[in-house]
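S.K.: Residues per chain, in single letters:
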Amino acid sequence: MSTNGNKATLNDHEQRTAPNGIKLPIYMDNHATTPMDPRVLEEMLPYFMEKFGNAASRNHPFGWVAEEAVELSRERIAKLIGASPKEIIFTSGATESDNLAIKGVAEMYREKGNHIITAVTEHKAVLDTCKHLEKFGFRVTYLPVQKDGLIDLDDLKRTMDDKTILVTIMAANNEIGVLQPIAEIGKLCRERGVIFHTDAVQAIGKIPIDVNKMNIDVASITGHKLYGPKGAGALYVRRKNPRVQIVPLIDGGGHERGMRSGTLNVPGIVGLGKACSLAMEEMPQESVKLAGLRDHLKNSIMSRLDEVYINGSMEHRLPGNLNISFAYVEGESLLMGINDIAVSSGSACTSATLEPSYVLKALGTGDDLAHSSIRFGIGRFNTEAEVDYVADRVVETVLRLRELSPLYEMAKEGVDLKNVKWAAEAH
Amino acid sequence: MSYSDKVIDHYNNPRNVGSMDKSSADVGTGLVGAPECGDVMKLQIKVNPQTNVIEDAKFKTFGCGSAIASSSLATEWVKGKTVDQALEIKNTEIVKELALPPVKIHCSVLAEDAIRAAIGDWKKKQEATKPAAVQTVQ
Ligand SMILES: Cc1ncc(COP(=O)(O)O)c(C=O)c1O
Ligand code: FES
Numbered sequence: 004m005s006t007n008g009n010k011a012t013l014n015d016h017e018q019r020t021a022p023n024g025i026k027l028p029i030y031m032d033n034h035a036t037t038p039m040d041p042r043v044l045e046e047m048l049p050y051f052m053e054k055f056g057n058a059a060s061r062n063h064p065f066g067w068v069a070e071e072a073v074e075l076s077r078e079r080i081a082k083l084i085g086a087s088p089k090e091i092i093f094t095s096g097a098t099e100s101d102n103l104a105i106k107g108v109a110e111m112y113r114e115k116g117n118h119i120i121t122a123v124t125e126h127k128a129v130l131d132t133c134k135h136l137e138k139f140g141f142r143v144t145y146l147p148v149q150k151d152g153l154i155d156l157d158d159l160k161r162t163m164d165d166k167t168i169l170v171t172i173m174a175a176n177n178e179i180g181v182l183q184p185i186a187e188i189g190k191l192c193r194e195r196g197v198i199f200h201t202d203a204v205q206a207i208g209k210i211p212i213d214v215n216k217m218n219i220d221v222a223s224i225t226g227h228k229l230y231g232p233k234g235a236g237a238l239y240v241r242r243k244n245p246r247v248q249i250v251p252l253i254d255g256g257g258h259e260r261g262m263r264s265g266t267l268n269v270p271g272i273v274g275l276g277k278a279c280s281l282a283m284e285e286m287p288q289e290s291v292k293l294a295g296l297r298d299h300l301k302n303s304i305m306s307r308l309d310e311v312y313i314n315g316s317m318e319h320r321l322p323g324n325l326n327i328s329f330a331y332v333e334g335e336s337l338l339m340g341i342n343d344i345a346v347s348s349g350s351a352c353t354s355a356t357l358e359p360s361y362v363l364k365a366l367g368t369g370d371d372l373a374h375s376s377i378r379f380g381i382g383r384f385n386t387e388a389e390v391d392y393v394a395d396r397v398v399e400t401v402l403r404l405r406e407l408s409p410l411y412e413m414a415k416e417g418v419d420l421k422n423v424k425w426a427a428e429a430h
Numbered sequence: 044m045s046y047s048d049k050v051i052d053h054y055n056n057p058r059n060v061g062s063m064d065k066s067s068a069d070v071g072t073g074l075v076g077a078p079e080c081g082d083v084m085k086l087q088i089k090v091n092p093q094t095n096v097i098e099d100a101k102f103k104t105f106g107c108g109s110a111i112a113s114s115s116l117a118t119e120w121v122k123g124k125t126v127d128q129a130l131e132i133k134n135t136e137i138v139k140e141l142a143l144p145p146v147k148i149h150c151s152v153l154a155e156d157a158i159r160a161a162i163g164d165w166k167k168k169q170e171a172t173k174p175a176a177v178q179t180v181q
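First to last, the protein sequences are chains A and B.
Quick note: to get our numbering, add 3 to the position in the first sequence (first position is 1).
Quick note: to get our numbering, add 43 to the position in the second sequence (first position is 1).
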């Protein structure tokens, strides 16, 4: 969010310090991406220069050193999700992992059936991949979600038929942080011999994920959501009970046991591995800390403002996520008022399409409240002082914008906004 | 989204925020947009019935920063103009003044609509009070 023309002015912002000593701007958008953990960077650095080898070079130490680092990462990632190292395939990130999982399974099991089940609140990397497959004769069911953002397991049961080959449901939602009943979905799929893929990008390293206990067959992972590097991801593909096979998207040198050709991004892979081992060690304390900060933020805002609504289940939710709608205030104008804080809004005005968040709409949140929503993503490096600052700024800005809002005025006069005939512009 | 200095200035120091008595004969009220679309503007004008000059204007807006700035600017521009002069204000002039990017053009369109709606409302009241004497300007 810049203040002069089109030039991003993060440098200007970096100079600023709030009266209580906190550095501005505050980053609280950890679902979009996370800052790198310095310990991750430190581990990656040698692999750019001294240890530059190609992990596929079998004939000299340069290659062996790189390969060793890649294999250590494979172990670390596998350990975090209860998998075995051979079940981890490196990719360029979760968009690729989602594509590889869904298209790879669809093509491999085409003979068996052509039906895929997903949910309306999935990430675009899943939804658009499914849409693509529809053009090639696949039938896709997009399950609705309930008011709290969770799918209804009975819906899932009802939609499964003898042509169903794949169920793809995310572990944690990137907008509302809602956790789907992954273990129950996995059990249902296993009973019916249907492959279960989960986009676990937002969940891995934040909540415990165990591919065996949860009967997950394929899972997407990305480095930059867990304090690792961007452009480094992985796909877990089950090797036994049952063995899952996928058709590659990228053909070539036969890397990653033929499932994903291309010279491995060794520094990125090292970073992803380190990020996973840190998450493994720190998750128990970190998740308690994040949930504490999140609840503090929520209480601090809600005790001072009326007509504030939480989007999605509070019970089944990522520890660091809070998604709230501030009635009568439009999200982008709110972001503008708190421009020393980096968060996101589901408002249409912040999107290129002028459509408010499809995730919030799927919960049955009215368009008006979807326009008023803010997503807070609290992460490893946020502090309580920052949370206090954010809560104060949000409260004061919402109060100011409500004074400016004709809707707030009408509501206070007792006008039922639902019954007003709006002279809407078609746009 | 990055904003021009003028948008930021109007957002931080909106001009003429407030409400006037919408039942008064001299006041015209325009309410445009819809909450579902993420933008609602209320623009009010107070017109001198002798001179047709807009003596005061007030607004309240639910919408993005550009929508707030467009309506704030609109109140500044209509003040001191006659009703007919105010009708000449074009959304493209607002776009230019505030340096709005293409995705924000509809915010300026809404401001132009709000001016027209307020004037339309005022005219209707005028016709109602002196039905025979006033010529209708369409
Ligand atoms: C749930 C989910 N899936 C997939 C992605 C895409 O990940 P990547 O940026 O690694 O391609 C993201 C991140 O934007 C996400 O939040
Ligand atoms: S009010 Fe939506 S973009 Fe301006």
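Treat the hints with care, as some may be off.
Stated by the list, open to error - Calculated pairs, SDA-like style, for lysine to any residue (alpha carbon to alpha carbon, straight line, at most 25 Å):
hint	chain 1	residue 1	chain 2	residue 2
1	A	K424	B	M63
2	B	K49	A	P28
3	A	K415	B	V146
4	B	K167	A	N422
5	B	K167	A	L136
6	B	K139	A	G340
7	A	K424	B	K101
8	A	K415	B	N91
9	B	K101	A	P28
10	B	K101	A	T400
11	B	K49	A	L402
12	A	K26	B	K168
13	A	K421	B	D64
14	A	K424	B	S62
15	A	K364	B	S67
16	B	K168	A	K364
17	B	K65	A	E416
18	A	K415	B	K139
19	A	K26	B	S45
20	B	K49	A	N422
21	B	K168	A	L402
22	B	K166	A	W425
23	A	K421	B	V152
24	B	K49	A	R403
25	B	K49	A	R19
26	B	K89	A	E412
27	A	K26	A	P49
28	B	K168	A	M111
29	B	K168	A	K89
30	A	K89	A	N117
31	B	K101	A	R19
32	B	K166	A	V423
33	B	K89	A	K364
34	B	K65	A	G417
35	A	K424	B	N55
36	A	K424	B	K89
37	A	K424	B	A68
38	A	K160	A	M111
39	A	K364	B	N55
40	A	K415	B	K166
Calculated directly from the structure, the hints in this document are not laboratory data.
S.K.: Evaluate each hint against the coordinates.
M.R.: Against the structure, the hints:
1. For the proposed pair K424(A) and M63(B), the alpha carbon gap of about 21 Å is at most 25 Å, so the pair holds.
2. Of the supplied pair hints, the one linking K49(B) and P28(A) holds, its CA atoms being roughly 22 Å apart against a limit of 25 Å.
3. The suggested pairing of K415(A) with V146(B) is violated, with an alpha-carbon distance near 32 Å, which exceeds 25 Å.
4. With a C-alpha separation of about 23 Å, the suggested pair K167(B) and N422(A) falls inside the 25 Å cut-off, and the hint holds.
5. Distance check on the hinted pair: K167(B) and L136(A) sit about 57 Å apart at the alpha-carbon level, beyond 25 Å; violated.
6. Proximity of K139(B) to G340(A) is assessed by CA-CA distance (about 23 Å); at most 25 Å being required, the pair is judged to hold.
7. Straight-line distance between C-alpha atoms of K424(A) and K101(B) comes to about 22 Å, which keeps the hinted pair within the 25 Å bound.
8. Proposed proximity of K415(A) and N91(B) is contradicted: the alpha carbons are some 30 Å apart, above 25 Å.
9. For the hint pairing K101(B) with P28(A), the CA-to-CA distance comes to about 34 Å; that exceeds 25 Å, so the pair is violated.
10. Using a Cα cut-off of 25 Å, the hinted pair K101(B) and T400(A) holds, with the two alpha carbons roughly 21 Å apart.
11. A distance of roughly 23 Å separates the Cα atoms of K49(B) and L402(A); the hinted pair therefore holds under the 25 Å criterion.
12. Taking the CA atoms of K26(A) and K168(B), the gap is about 55 Å. The hint is violated against a cut of 25 Å.
13. Between K421(A) and D64(B) the alpha-carbon distance is near 23 Å, which keeps this suggested pair within the 25 Å criterion.
14. With a CA separation close to 20 Å, the supplied pair K424(A) and S62(B) stays within the 25 Å bound.
15. A hinted pair counts as satisfied when its Cα atoms are at most 25 Å apart, and K364(A) with S67(B) does not qualify at roughly 40 Å.
16. Using a Cα cut-off of 25 Å, the hinted pair K168(B) and K364(A) is violated, with the two alpha carbons roughly 40 Å apart.
17. Taking the CA atoms of K65(B) and E416(A), the gap is about 13 Å. The hint holds against a cut of 25 Å.
18. Between the alpha carbons of K415(A) and K139(B) the distance comes to roughly 36 Å, so the proposed pair goes past 25 Å and is violated.
19. Between the alpha carbons of K26(A) and S45(B) the distance comes to roughly 21 Å, so the proposed pair stays at or under 25 Å and holds.
20. This hinted pair does not check out: K49(B) and N422(A) have alpha carbons roughly 36 Å apart, beyond 25 Å.
21. Note on K168(B) and L402(A): the hinted pairing is violated, with a Cα-Cα distance of about 34 Å set against a maximum of 25 Å.
22. For the hint pairing K166(B) with W425(A), the CA-to-CA distance comes to about 20 Å; that is within 25 Å, so the pair holds.
23. Restraint check: the Cα-Cα separation between K421(A) and V152(B) comes to about 24 Å, which is no more than 25 Å; the hinted pair holds.
24. Only pairs whose Cα atoms come within 25 Å are accepted, and K49(B) paired with R403(A) is accepted, the gap being roughly 19 Å.
25. This hinted pair checks out: K49(B) and R19(A) have alpha carbons roughly 22 Å apart, not beyond 25 Å.
26. Of the pairs offered as hints, the one joining K89(B) and E412(A) holds, with about 19 Å between alpha carbons and a cut-off of 25 Å not exceeded.
27. A C-alpha spacing of about 30 Å is found between K26(A) and P49(A), which places the hinted pair above 25 Å, so the restraint is violated.
28. Distance check on the hinted pair: K168(B) and M111(A) sit about 72 Å apart at the alpha-carbon level, beyond 25 Å; violated.
29. Restraint check for K168(B) and K89(A): the C-alpha separation of about 79 Å exceeds 25 Å, so the hint is violated.
30. A C-alpha spacing of about 28 Å is found between K89(A) and N117(A), which places the hinted pair above 25 Å, so the restraint is violated.
31. Of the pairs offered as hints, the one joining K101(B) and R19(A) is violated, with about 35 Å between alpha carbons and a cut-off of 25 Å exceeded.
32. The hinted pair formed by K166(B) and V423(A) meets the criterion: a straight-line CA distance of about 22 Å does not exceed 25 Å.
33. Between K89(B) and K364(A) the CA atoms are separated by roughly 40 Å; this puts the pair beyond 25 Å, and the hint is violated.
34. Distance hint between K65(B) and G417(A) is fulfilled; the C-alpha atoms sit about 16 Å from each other, no more than 25 Å.
35. Distance restraint check for K424(A) and N55(B): the Cα-Cα separation of roughly 31 Å exceeds the 25 Å cut-off, and the hinted pair is therefore not satisfied.
36. Of the pairs offered as hints, the one joining K424(A) and K89(B) holds, with about 24 Å between alpha carbons and a cut-off of 25 Å not exceeded.
37. For the suggested pair K424(A) and A68(B), the alpha carbons sit about 22 Å apart, so the restraint of at most 25 Å is met.
38. This hinted pair checks out: K160(A) and M111(A) have alpha carbons roughly 23 Å apart, not beyond 25 Å.
39. As the CA atoms of K364(A) and N55(B) are separated by approximately 31 Å, the hinted pair breaks the 25 Å bound.
40. Our distance criterion of 25 Å between C-alpha atoms is broken by K415(A) and K166(B), whose separation comes to about 28 Å.
Violated hints, listed in ascending order, are 3, 5, 8, 9, 12, 15, 16, 18, 20, 21, 27, 28, 29, 30, 31, 33, 35, 39 and 40; each of the other numbered hints is respected by the structure.
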